[in-house]
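Hey, can you work out the whole structure from these sequences and the hints?
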Amino acid sequence: MSDTNTQDKVVRVASGQGFWGDWLEAPRRQVEGGQVDYLMLDYLAEVTMSIVQKQKERDPNMGYARDFIGAMESVFSAVADRGVKVIANAGGVNPVACANAVLAAADKAGVRGKLKLGVVTGDDLLPRLDELLEAGHELKHMETGAPLSTVRDRVLSANAYIGSTPIVEALERGANVVITGRSTDTALTMAPLRHEFGWGAEDWDKLAAGIVAGHILECGAQASGGNCLHDWRNIPDLANVGYPIAEASADGSFVITKHPNTGGRVSVPSVTEQLVYEMGDPKSYITPDVVADFTSIKVAADGENRVRVHGITGGPATPFLKVSIAYRAGYKAVGTLVYSWPDAMEKAQLADRVLRERLDNLGLKFDHILTEFVGVSSTHGSLAGEAGDVPEVQLRIGVRGPDRASVERFTRELAPLVLNGPPSVTGFAGGRPKIEEIVAYWPALIDKRAVTTHVDILE
Amino acid sequence: MHVRLLDIAHARSGDKGDTANVGVIALRPEWYPVIKEYLTADVVSKHYEGQITGPVERFELPNLGAVNFLLHGALDGGGTLSLKTDAQGKVYSTSVLRVVLNVPDAVAKAAGLPAFATG
Chain B
408 MSDTNTQDKV VRVASGQGFW GDWLEAPRRQ VEGGQVDYLM LDYLAEVTMS IVQKQKERDP
468 NMGYARDFIG AMESVFSAVA DRGVKVIANA GGVNPVACAN AVLAAADKAG VRGKLKLGVV
528 TGDDLLPRLD ELLEAGHELK HMETGAPLST VRDRVLSANA YIGSTPIVEA LERGANVVIT
588 GRSTDTALTM APLRHEFGWG AEDWDKLAAG IVAGHILECG AQASGGNCLH DWRNIPDLAN
648 VGYPIAEASA DGSFVITKHP NTGGRVSVPS VTEQLVYEMG DPKSYITPDV VADFTSIKVA
708 ADGENRVRVH GITGGPATPF LKVSIAYRAG YKAVGTLVYS WPDAMEKAQL ADRVLRERLD
768 NLGLKFDHIL TEFVGVSSTH GSLAGEAGDV PEVQLRIGVR GPDRASVERF TRELAPLVLN
828 GPPSVTGFAG GRPKIEEIVA YWPALIDKRA VTTHVDILE
Chain G
938 MHVRLLDIAH ARSGDKGDTA NVGVIALRPE WYPVIKEYLT ADVVSKHYEG QITGPVERFE
998 LPNLGAVNFL LHGALDGGGT LSLKTDAQGK VYSTSVLRVV LNVPDAVAKA AGLPAFATG
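Protein sequence lines, in the order shown, are assigned to chains B and G. Going by my numbering, the first residue of the first sequence is number 408, and it counts up by one from there. Going by my numbering, the first residue of the second sequence is number 938, and it counts up by one from there.
Treat the hints as calculated values from the structure; they're not laboratory data. As the structure is a prediction and not an experimental result, all values here were calculated from the model. There could be a bad hint or two in this list.
[What the hints assert, rightly or not] Straight-line distance between alpha carbons at most 20 angstroms, and here's what the computed EDC-like set of lysine to aspartate or glutamate pairs gives:
#, chain 1, residue 1, chain 2, residue 2
1, B, Lys-690, G, Glu-997
2, B, Lys-729, B, Glu-545
3, G, Lys-953, B, Glu-550
4, G, Lys-1027, B, Glu-545
5, B, Lys-705, G, Glu-967
[Unchecked claim] Which residues of chain G face chain B? A few of them, derived with a C-beta cut under 8 angstroms, are:
#, residue
6, His-939
7, Gly-960
8, Phe-996
9, Leu-1001
10, Ala-1003
11, Leu-1007
12, Gly-1016
13, Leu-1018
14, Leu-1020
15, Ser-1032
[What the hints assert, rightly or not] Coverage of chain B stretches by chain G, computed from C-beta distances (three or more under 8 angstroms per stretch; other residues unrestricted):
#, region
16, 682 to 695
17, 803 to 809
C-beta: ideal position from N, C-alpha, C; glycine also.
Structure (structure tokens):
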């Protein structure tokens, strides 16, 4: 391929899923609504790894985002017949089982011969945890500085956030579907651009551009009119919302757009809202591949539902990978009751006092009890002012603590209030609150050299 | 002159552990310098007094006409620990827009800021 061709080449990466639970229609709509080269599906949030780890403990063939199998079925023809490639971190803690499930579905659909799966492993540190601790990797909590040994016996999962390199390797070995475990969300978009444009491992500005494109795409429609506060009333046809697509060029610039005849809106405000989402220090957006500078990003309108993003700079990556560790941290339950006019707020407040007194009288101990008055102050607290003459208030009360029996007893103290507490109460049809085991999150750093990734090709 | 943030900015918020991030974006480029000058970490910290347990950090993004705040200790422990309805800090984006800035009349007039009638 000549340089001219590379310079003119545009690679289209479509976002089809922003989390496990996102719109099931989106992947299919992205490959059918117009031309795309890559479909990027992001399934993993901080909490997801511990959920899939529990599933794997119950069944060794589980431990991945099962929605992905349905998503693949909905795009098989595009992958098999039109050359669309899929990149997904759906593998959870069991990328190989996930790949095997895709192959089984492909068999049924008669497209197995046209699939080449790249499976990325090596991010799962759980089997190596004691070995790593013994070798001096303390895996200290990034915020508190506490050593992991304080919660070691309660650890459920431990995964390093890995970058674009193994995904690029899978693409270079001919994979048309790449399945990873705990890849960073942004690597799923950056890797195909690195592969297509031949960006080097130290082309910091271009790698940073790929990361910014990934950041814009990683939350699905949140960049194309979904959850967009700016001018929200006038965002058209959200029922038919188009998910975002990055049209990337070799120089690191790209255009964010969406398919024609879809709803939603791609505008400078919609893209900017997504850019600031979950941002820390904008000058140092740290990823395994590069540190991107979000203060370098230039965004400009480029026609209807098109936003041009350019000028991005970045710098060398750090010698560390972030590690996401999940550990058991007690139990919690949250229950609700609805109090109606007149004096709804006063009734809800009295019910709260009565309930707390009963918990006290029972000698139940919790780490924390939180009361919220939904409809009055649950999201804005005292900033929302007095309740006024509201038609109803939902009392929402939650407890957490190390003792399951105490939390369980709390869940039985709500219903009695319907008959033996303040009047005008309803909304208990859902039954007793559910007791949840809390799986807490322990962020740490590890020397990159301690983590080795592998790519297997399955056909 | 009193200027309400809701009338001059939009915002999005999210979480990282027990910290909420709130990105505040000027509705017009000429309003960004006002936000930059008057929406200080101190103003935001006072706004959330009693609601967050940690400090407020502030970062400027002149390229996006935006200021990013990190509200530490905003999420009752954050993630799965939190008992809050807004455990992931999704709507701090709206509570921040309740901030009312006190901007000198001349500055407000020059930037064409909409006045907010208080009281």
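Q: Against the earlier hints, flag every one the structure doesn't satisfy and list their numbers going up.
A: 4, 6
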